[in-house]
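Student: Sequence:
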Amino acid sequence: MRILVVDDLHEVLHQKFKSAGFELFVCETFDEAEFTRRLKEFDGLIIRSRFKLSKNILEQSNQLKFIGRAGAGLENIDVEYAESIGIKCYNSPEGNRDAVGEHALGMLLALQNKMLWADKEVRQGIWRRRENWGTEIMGKTIGIIGYGNTGSAFARKLMGLDAKILAYDKYKTGFSNPWVTETSINEIFEHADMLSFHVPLTSETKKMFNLDFISRMKKPFVLLNTSRGLVVDTADLVEAMKQGKVLGAALDVLEYEQHSFERLFEDELPAAMAWLIQQKNVILSPHIAGWTYESYFKIADVLVEKILLDFA
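According to the working numbering, the stretch in the sequence shown is residues 38 to 349, in order.
Treat the hints with caution; some may be incorrect.
Claimed, not checked - Using 27 Å as the maximum straight-line C-alpha spacing, the simulated DSS-like pairs for lysine-lysine come out as follows:
#, residue 1, residue 2
1, K255, K317
2, K209, K255
3, K244, K317
4, K209, K77
5, K207, K177
6, K343, K77
7, K243, K279
8, K343, K317
9, K102, K201
10, K255, K207
11, K89, K335
12, K194, K207
13, K244, K279
14, K335, K317
15, K201, K177
16, K243, K125
17, K317, K55
18, K125, K177
19, K102, K53
20, K279, K335
21, K255, K177
22, K279, K256
23, K207, K256
24, K194, K255
I should point out that these hints are in silico values taken from the structure, not numbers from a laboratory.
Make a model of the complete structure from these sequences and hints.
Tutor: Following this line, the structure appears as structure tokens:
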């Protein structure tokens with residue numbers, strides 16, 4: 038079986054496939070035309086986010102038996118069509134869920150305690166203490182939207198902070214446990230002081246966080262997004278922050294990212310983004326919540342093991 042790998046992945050994936058007798062062809066330099074033309078030569082494909090696997094592209098993959106997406110989201114693959122023509126689709130959200138959980142917690146702590154801004158001031162010789170007082174998480178209510186791999190990991194990381202954790206998942210039930218309470222979206226609207234998104238990007242979740250959503254929140258709140266940038270309408274977020282409805286934002290992902298997640302702005306800086314980067318109560322990172330030295334290994338390892346269960 039011949040497998041095409043088009044993104045940078047840990048060597049463990051290469052080693053395990055080769056040990057199972059698979060032939061690997063690694064090429065990170067294909068452009069889309071070359072990728073599409075060569076895809077028909079392979080039985081399997083391993084990808085992160087470099088290309089969109091549309092129906093048109095998949096129609097040309099004559100012998101493809103599986104697609105492995107290294108990471109959580111599958112939005113760059115037309116999964117419904119792929120599976121309709123017998124191509125199995127795999128992902129590996131288990132590999133980076135703890136990385137995302139830790140990153141989200143780190144962003145929340147940094148935001149609540151003004152750590153980035155205080156650090157910047159001290160480096161400039163500015164010693165302001167009262168102005169940099171933090172806001173405790175203890176006693177607050179944290180709402181989690183989406184309780185899959187990363188949402189549940191984030192909830193576990195919050196244990197010990199003495200906060201009330203509410204979680205809502207449209208497609209999952211029966212997951213209450215000692216540290217999280219399964220609830221309705223309306224309960225989150227009613228009680229949340231902090232809100233964290235852990236949902237895939239779908240037609241339902243695209244710009245789910247908008248002015249209508251914000252208007253239903255009963256209290257001013259802090260927003261975290263480590264899922265996908267297009268879940269949040271940035272212009273609406275900015276408007277809500279100007280009105281004091283959103284007290285702060287920690288964003289690892291932005292709606293302006295290119296589909297490969299490797300670059301941000303193609304042209305000029307969008308007005309909403311230009312405003313956000315000037316704010317003290319905003320923390321940004323470049324879509325790296327799921328990437329650690331450990332998750333780099335685990336993402337590849339989980340993925341190859343899933344595929345080998347069916348094809349070895």
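Student: If a hint holds in the structure, say so; if it doesn't, say that too.
Tutor: Okay, the hints, checked on the actual structure:
1. For the hint linking K255 to K317, the alpha-carbon distance of about 24 Å falls within 27 Å, and the restraint holds.
2. Between K209 and K255 the CA atoms are separated by roughly 25 Å; this keeps the pair inside 27 Å, and the hint holds.
3. Restraint check for K244 and K317: the C-alpha separation of about 24 Å stays at or below 27 Å, so the hint holds.
4. Straight-line distance between C-alpha atoms of K209 and K77 comes to about 37 Å, which puts the hinted pair past the 27 Å bound.
5. Proximity of K207 to K177 is assessed by CA-CA distance (about 23 Å); at most 27 Å being required, the pair is judged to hold.
6. Taking the CA atoms of K343 and K77, the gap is near 23 Å; set against the 27 Å cutoff, the hint holds.
7. Under the criterion of a C-alpha separation no larger than 27 Å, the hint pairing K243 with K279 is consistent with the structure, at around 23 Å.
8. Distance restraint check for K343 and K317: the Cα-Cα separation of roughly 43 Å exceeds the 27 Å cut-off, and the hinted pair is therefore not satisfied.
9. Using a Cα cut-off of 27 Å, the hinted pair K102 and K201 is violated, with the two alpha carbons roughly 45 Å apart.
10. Taking the CA atoms of K255 and K207, the gap is about 21 Å. The hint holds against a cut of 27 Å.
11. Between the alpha carbons of K89 and K335 the distance comes to roughly 23 Å, so the proposed pair stays at or under 27 Å and holds.
12. For the given pair, K194 sits about 22 Å from K207 by alpha-carbon distance, which is consistent with the 27 Å threshold.
13. At most 27 Å may separate the alpha-carbon atoms for a hinted pair to count; K244 and K279 meet this at roughly 19 Å.
14. At roughly 35 Å between alpha-carbon atoms, K335 and K317 are farther apart than 27 Å, so this suggested pair is violated.
15. Taking the CA atoms of K201 and K177, the gap is near 6 Å; set against the 27 Å cutoff, the hint holds.
16. For the given pair, K243 sits about 25 Å from K125 by alpha-carbon distance, which is consistent with the 27 Å threshold.
17. For the given pair, K317 sits about 50 Å from K55 by alpha-carbon distance, which is inconsistent with the 27 Å threshold.
18. For the hint pairing K125 with K177, the CA-to-CA distance comes to about 43 Å; that exceeds 27 Å, so the pair is violated.
19. Pair hint K102 plus K53 holds up; C-alpha atoms about 18 Å apart against a cutoff of 27 Å.
20. The suggested pairing of K279 with K335 is violated, with an alpha-carbon distance near 41 Å, which exceeds 27 Å.
21. At roughly 14 Å between alpha-carbon atoms, K255 and K177 fall within 27 Å of each other, so this suggested pair holds.
22. Of the pairs offered as hints, the one joining K279 and K256 holds, with about 15 Å between alpha carbons and a cut-off of 27 Å not exceeded.
23. For a cut-off of 27 Å, the pair hint linking K207 to K256 stands: about 22 Å separates their Cα positions.
24. A distance of roughly 26 Å separates the Cα atoms of K194 and K255; the hinted pair therefore holds under the 27 Å criterion.
The structure shown violates the earlier hints numbered 4, 8, 9, 14, 17, 18 and 20.
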